[in-house]
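Following the working numbering from start to finish, the sequence shown increments by one per residue and tops out at 162.
Mixed in with the good hints, there may be bad ones.
[Stated by the list, open to error] Here are the simulated lysine-lysine pairs, DSSO-like style, with alpha carbons at most 27 Å apart:
| no. | residue 1 | residue 2 |
| --- | --- | --- |
| 1 | K146 | K106 |
| 2 | K56 | K32 |
| 3 | K39 | K50 |
| 4 | K106 | K128 |
| 5 | K134 | K54 |
| 6 | K106 | K52 |
Worth flagging that the hints you see were computed from the coordinates, not collected in a lab.
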Amino acid sequence: MTKTQEVQAAWAAALKNKDVQRKDTLSLLMSALKGKAKDKCAPLTPEEEDAVIMREIKQTREAIDSAAGREDIIALNRDRLAVLEEFAPKFMSDDEIRTVIAQVLAELGIEKPAPQDKGRIMKTLMPRVKGKAEGAAVNRLVASLF
17 MTKTQEVQAA WAAALKNKDV QRKDTLSLLM SALKGKAKDK CAPLTPEEED AVIMREIKQT
77 REAIDSAAGR EDIIALNRDR LAVLEEFAPK FMSDDEIRTV IAQVLAELGI EKPAPQDKGR
137 IMKTLMPRVK GKAEGAAVNR LVASLF
């Protein structure tokens with residue numbers, strides 16, 4: 017079952033349960049997924065579905081950050097974020113990311129990483145963890161090597 021199908025099933029369940037907030041959030045997510053598929057003129061791959069979901073999560077987090085003092089908007093977006101995170105891809109743990117970093121360091125022949133090596137490390141590392149790990153977490157772990 018694709019993520020789009022999972023979202024549709026959850027939307028139908030929310031509609032039956034008269035859970036308005038959940039239904040509205042799932043409706044927005046379904047619209048984003050279908051819009052991306054329509055733009056592509058083909059069904060979305062699992063990676064593309066995950067990217068759309070992550071974009072929606074990022075936008076919701078930004079809305080929370082920019083709501084400055086508006087508790088009603090913050091509460092609404094926190095509820096929305098909780099629903100969206102149910103469909104978010106599972107990310108790699110810090111230990112799994114460290115393992116990939118170690119592999120990259122071995123491939124690049126870097127025994128003692130220095131700050132000037134960060135660009136080369138990230139250039140090789142990011143394609144391997146794209147969609148599997150948050151960029152901020154990867155950046156933090158690479159920076160901890162120096």
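Now the hints, each set against the structure:
{"no.": "1", "hint": "K146 to K106", "result": "holds, 12 Å"}
{"no.": "2", "hint": "K56 to K32", "result": "violated, 31 Å"}
{"no.": "3", "hint": "K39 to K50", "result": "holds, 16 Å"}
{"no.": "4", "hint": "K106 to K128", "result": "violated, 31 Å"}
{"no.": "5", "hint": "K134 to K54", "result": "violated, 38 Å"}
{"no.": "6", "hint": "K106 to K52", "result": "holds, 21 Å"}
Of the hints listed earlier, those the structure fails to meet are numbers 2, 4, 5, in rising order.
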